[in-house]
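Number of protein chains: 4
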Amino acid sequence: MNEVDKLTELFTQFPGIGPRQARRFVFFLLRQNTGYRAMLIRAIQDVATHVKQCSRCLRYAPLHVKEPLCDICADGNRDTTQLMLVEKDTDVEQMEHSGAYAGYYFVLGGSLSLTGKKYAIREKELVQYLQKYGAALSEIILALSATPDGEYTADYLATKLKDDASVQTARVTTLGRGLSTGSELEYADAHTLVQALKNRA
Amino acid sequence: MNEVDKLTELFTQFPGIGPRQARRFVFFLLRQNTGYRAMLIRAIQDVATHVKQCSRCLRYAPLHVKEPLCDICADGNRDTTQLMLVEKDTDVEQMEHSGAYAGYYFVLGGSLSLTGKKYAIREKELVQYLQKYGAALSEIILALSATPDGEYTADYLATKLKDDASVQTARVTTLGRGLSTGSELEYADAHTLVQALKNRA
Amino acid sequence: MNEVDKLTELFTQFPGIGPRQARRFVFFLLRQNTGYRAMLIRAIQDVATHVKQCSRCLRYAPLHVKEPLCDICADGNRDTTQLMLVEKDTDVEQMEHSGAYAGYYFVLGGSLSLTGKKYAIREKELVQYLQKYGAALSEIILALSATPDGEYTADYLATKLKDDASVQTARVTTLGRGLSTGSELEYADAHTLVQALKNRA
Amino acid sequence: MNEVDKLTELFTQFPGIGPRQARRFVFFLLRQNTGYRAMLIRAIQDVATHVKQCSRCLRYAPLHVKEPLCDICADGNRDTTQLMLVEKDTDVEQMEHSGAYAGYYFVLGGSLSLTGKKYAIREKELVQYLQKYGAALSEIILALSATPDGEYTADYLATKLKDDASVQTARVTTLGRGLSTGSELEYADAHTLVQALKNRA
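Order-wise, the sequence lines are chains A, B, C and D. Per the working numbering, the first sequence starts with residue 1, numbered consecutively. Per the working numbering, the second sequence starts with residue 1, numbered consecutively. Per the working numbering, the third sequence starts with residue 1, numbered consecutively. Per the working numbering, the fourth sequence starts with residue 1, numbered consecutively.
Heads up, a few of these hints could be off.
The list treats identical chains as interchangeable, and a pair is accepted whether it falls inside one copy or across any two copies.
Distance condition first, Cα-Cα at most 30 Å in a straight line; then the derived BS3-like pairs of lysine-lysine [stated by the list, open to error]:
| hint | residue 1 | residue 2 |
| --- | --- | --- |
| 1 | LYS52 | LYS6 |
| 2 | LYS160 | LYS132 |
| 3 | LYS124 | LYS66 |
| 4 | LYS160 | LYS198 |
| 5 | LYS198 | LYS132 |
| 6 | LYS6 | LYS66 |
| 7 | LYS6 | LYS162 |
| 8 | LYS198 | LYS162 |
| 9 | LYS66 | LYS160 |
Read the hints as simulated data drawn from the structure, not as lab findings.
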C-alpha cells in the first residue's frame with residue numbers, strides 16, 4: 001500500500017467520509033504548500049496536547065492550568081443545582097450556543113442501544129460524579145436524542161437515578177418534545193403531535 | 001394548444017406538480033382503459049357533490065344528511081370545552097390520526113404572512129364560531145405551524161382572542177415546542193433547544 | 001370508504017404519487033371553484049376522445065381526421081429511411097424536443113426485464129410495422145435506456161431484427177454512450193468512461 | 001482562538017467540509033488514542049515526502065527512486081502514441097480504474113473558466129511536454145468535463161494544438177458524449193440527446 005492509499009484509509013475513518021472524499025483530501029493536502037501541512041500537523045498535536053478530557057464533565061476542551069477542568073466546570077458562577085446529561089461533546093457546545101442553560105453538564109459518551117450493538121455510556125463515572133456533586137442538585141436534565149436509542153437510554157438512566165442515594169432530592173426531567181422550529185403540522189408524525197399536544201402551554 | 005397540452009396545464013396547477021410529471025399524468029390516463037377514466041371523473045364529481053364545507057369547522061368533509069356537519073362536529077361525545085385552530089383541512093386529519101385530541105376544530109384556511117403576501121385566515125368566521133360555541137370553551141389551542149408565519153398568526157390570534165368577549169374564560173394555549181421525534185441534539189437549531197429546555201418536564 | 005378516500009386512492013395510482021400527496025390533490029380540488037373541476041373533467045374526456053393511439057407509431061397523440069395517424073407519422077416530409085424504437089410516448093416528445101431527428105418512431109410500450117418481472121414490448125406490432133414500412137429503411141435506431149433492462153431489450157431486438165426478412169438491408173444502431181452533458185470525469189462510473197473512450201471522436 | 005477552533009478552521013479548508021463536520025473531525029481526533037493521531041501525522045508527513053509531482057504528467061504520485069516519474073510515466077510498455085489531457089489527479093485514477101486506456105496522461109491542473117474566475121491550466125508545461133514527447137503522438141485525447149467550462153477549455157486547447165508544431169501529425173479527439181450508464185431517455189436533456197444521436201453506432 002503506497003502513501004496515498006495509506007493516508008486515504010486513515011481519512012476514511014473520519015466521521016462521514018467515504019473513500020472518494022478521503023482521496024480528495026489527500027490530493028488537496030498534496031497541492032497545498034508545506035506551510036499548510038505543517039500548520040495542520042501542529043494543530044493536531046496542539047489539540048491533543050492542550051485539549052484534554054475535563055475531569056468533571058468528561059468532555060474534551062482546553063483545560064485550566066491549575067486544575068483539570070474545562071471553562072464551564074471551572075466557572076463558579078454557574079448554577080450548581082442543575083446538571084444536564086448529554087450524549088456527545090458537541091451537544092454541550094450546541095446547548096451553550098443556545099444560551100438557555102446555566103447549569104453544569106456530564107457527557108455520557110454515547111447512548112445505550114436497543115439492538116444491543118453498542119453499550120458505551122459512562123455509567124460508573126456518572127455514579128462517581130453524583131457522589132461528589134449530587135447533594136447540591138435539585139434537577140437532572142436528561143438531554144438525550146429524541147430517537148428510540150435516546151429514549152431507551154433516558155428511561156434506563158431515570159430508573160437508575162431514582163435509586164441513587166446521592167441524588168434523592170433531585171427532580172429528573174427530560175427535554176421538551178413537540179414541534180421543532182420550522183416544522184409544519186402537515187409533515188409532523190403522529191408521535192410528535194401527541195407530544196406537542198401533551199406539552200401545550 | 002392541443003388536448004394533451006391542455007390537460008397537462010391543468011395538472012401543473014395541482015400542488016407540487018411540475019410540467020414533466022403533469023405530462024406523465026396525461027399519458028398515464030391515456031394508457032388506462034375507459035373504465036379507470038370514468039371512475040376518476042365520477043370520483044371527482046362525487047367528491048364535489050358529497051364533500052362540502054362543514055358549516056361549523058369549515059373543513060371539507062362528507063357531511064351528514066340532516067345537518068351540514070362533518071363527522072367530528074356532529075359527534076356529541078367530543079369535548080365541547082376544547083377548540084383547536086388549525087391552518088388546513090389535512091391538519092385536522094393529521095391530528096385525528098394521532099388519536100390524542102378529543103375536542104373540536106376550526107380550520108383557518110391558511111396563515112397570515114409576515115411578508116404580507118397572502119392574508120387569508122377566516123377571521124370573521126372565527127368570530128361567529130366563538131359567538132355560537134365560545135361560552136362552553138375552557139381552552140383554545142392554537143395549532144399553527146412552527147414557522148415565522150405560523151407564529152405571527154398565533155400571536156395575532158392570541159391578542160384577538162384575549163379581547164373577544166365570547167371566550168373570556170377560555171385559556172389560549174399553543175402546541176408544545178421542542179425536539180421532534182427522531183431528532184438528535186447535534187442537528188437541532190438553537191431556537192428548538194431553547195424551547196426544548198423551557199418545556200422540559 | 002367515503003368520497004375523499006376513494007378519490008385519494010385513484011390519485012395514488014398516478015405515477016409517482018403517494019397517499020399524502022394524493023390527499024392534498026383531493027383537498028386542492030375541493031377548494032377550487034366548480035369551473036376548474038368542470039374544466040378538468042372536460043379535459044380528461046377530451047384527451048380520451050381526441051387523443052388516440054397512432055395506428056403507425058402506436059404513441060398516444062391527437063390524430064388526423066382522415067387517417068388515424070399522429071402529426072409525425074402523417075408528415076410526408078420526414079425521412080422514411082430512418083426508424084427509431086423508443087420505450088415510451090414521452091421519449092418521442094423528448095427526442096422531438098431535441099430537434100436532432102427527422103425520421104419516424106415506433107413506441108415499444110416498455111422494455112423487457114432482466115429479472116422477468118414485466119414482459120411488455122409490442123413485438124408483434126413491431127413485426128407488422130416492419131412488414132409494412134421495412135423495405136424503405138436504411139437504419140433502425142434502438143433508442144433504449146442506458147440501463148440493464150434497456151440494454152437487454154436492445155440486444156434482444158438487435159438479434160430479432162437481424163433475422164427479420166423485412167429489414168435485411170437496414171443497419172441497426174444504438175444511441176451513443178459516453179459522458180452526458182454536465183457530467184465531470186471524477187463522478188463518472190467506469191462503464192461510462194469505457195464507453196466515452198470507445199466513442200471518442 | 002483556542003486549539004479546537006484552530007483545528008476546526010483548518011479542516012474547513014478541506015474540500016466539501018463545513019464548520020459542523022470540521023468540528024466533528026476535531027472531536028473524533030480527540031477521542032482517538034495517541035497511536036491513531038501519531039499515525040495520521042506520520043501519514044501526512046510521508047505523503048508529502050514520498051508523493052511528489054511527476055515531472056512528466058505533473059500528477060502527484062509516489063515517484064520512482066532513480067527518476068522523478070510516476071508508475072504510469074515510467075512504464076515503458078504503455079502506448080507512446082496516445083496522450084490524454086485531464087483536469088485533475090483523480091481523473092487519472094478514474095480512467096486507470098476503467099482499464100480502457102493504455103497511453104500516457106498530462107494533468108492540466110484545472111480548467112479555464114467561461115466567467116473568467118479561475119485561469120489555471122498548465123499551458124506552458126503542456127507546450128514543454130509536447131516539445132519533448134509530441135513527435136511520437138498520433139492522438140491527443142481531450143478528456144475534459146462535459147460542462148461549459150470543460151468544453152470551453154477543450155475548444156481552447158484544440159485550437160492551440162492545431163498550431164503547435166510539435167504535434168502536427170497527431171489527431172485531436174474528445175471523449176464520446178451521449179447517454180451515461182444508468183440514464184433513461186425521459187430524463188436526458190436535449191443536448192445529451194443530440195450528442196447521443198450524433199454518436200450512435
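Now for the hints, and whether the structure bears them out:
1. LYS52 / LYS6: both (27 Å within a copy, 15 Å between copies)
2. LYS160 / LYS132: within (17 Å within a copy, 52 Å between copies)
3. LYS124 / LYS66: Cα proximity of LYS124 and LYS66: one copy only (26 Å, versus 59 Å across).
4. LYS160 / LYS198: both (25 Å within a copy, 24 Å between copies)
5. LYS198 / LYS132: between (36 Å within a copy, 27 Å between copies)
6. LYS6 / LYS66: Between copies only: 23 Å across chains, 40 Å inside a chain, cut-off 30 Å.
7. LYS6 / LYS162: neither (49 Å within a copy, 42 Å between copies)
8. LYS198 / LYS162: Both: 24 Å inside a chain and 23 Å across chains, each within 30 Å.
9. LYS66 / LYS160: neither (34 Å within a copy, 58 Å between copies)
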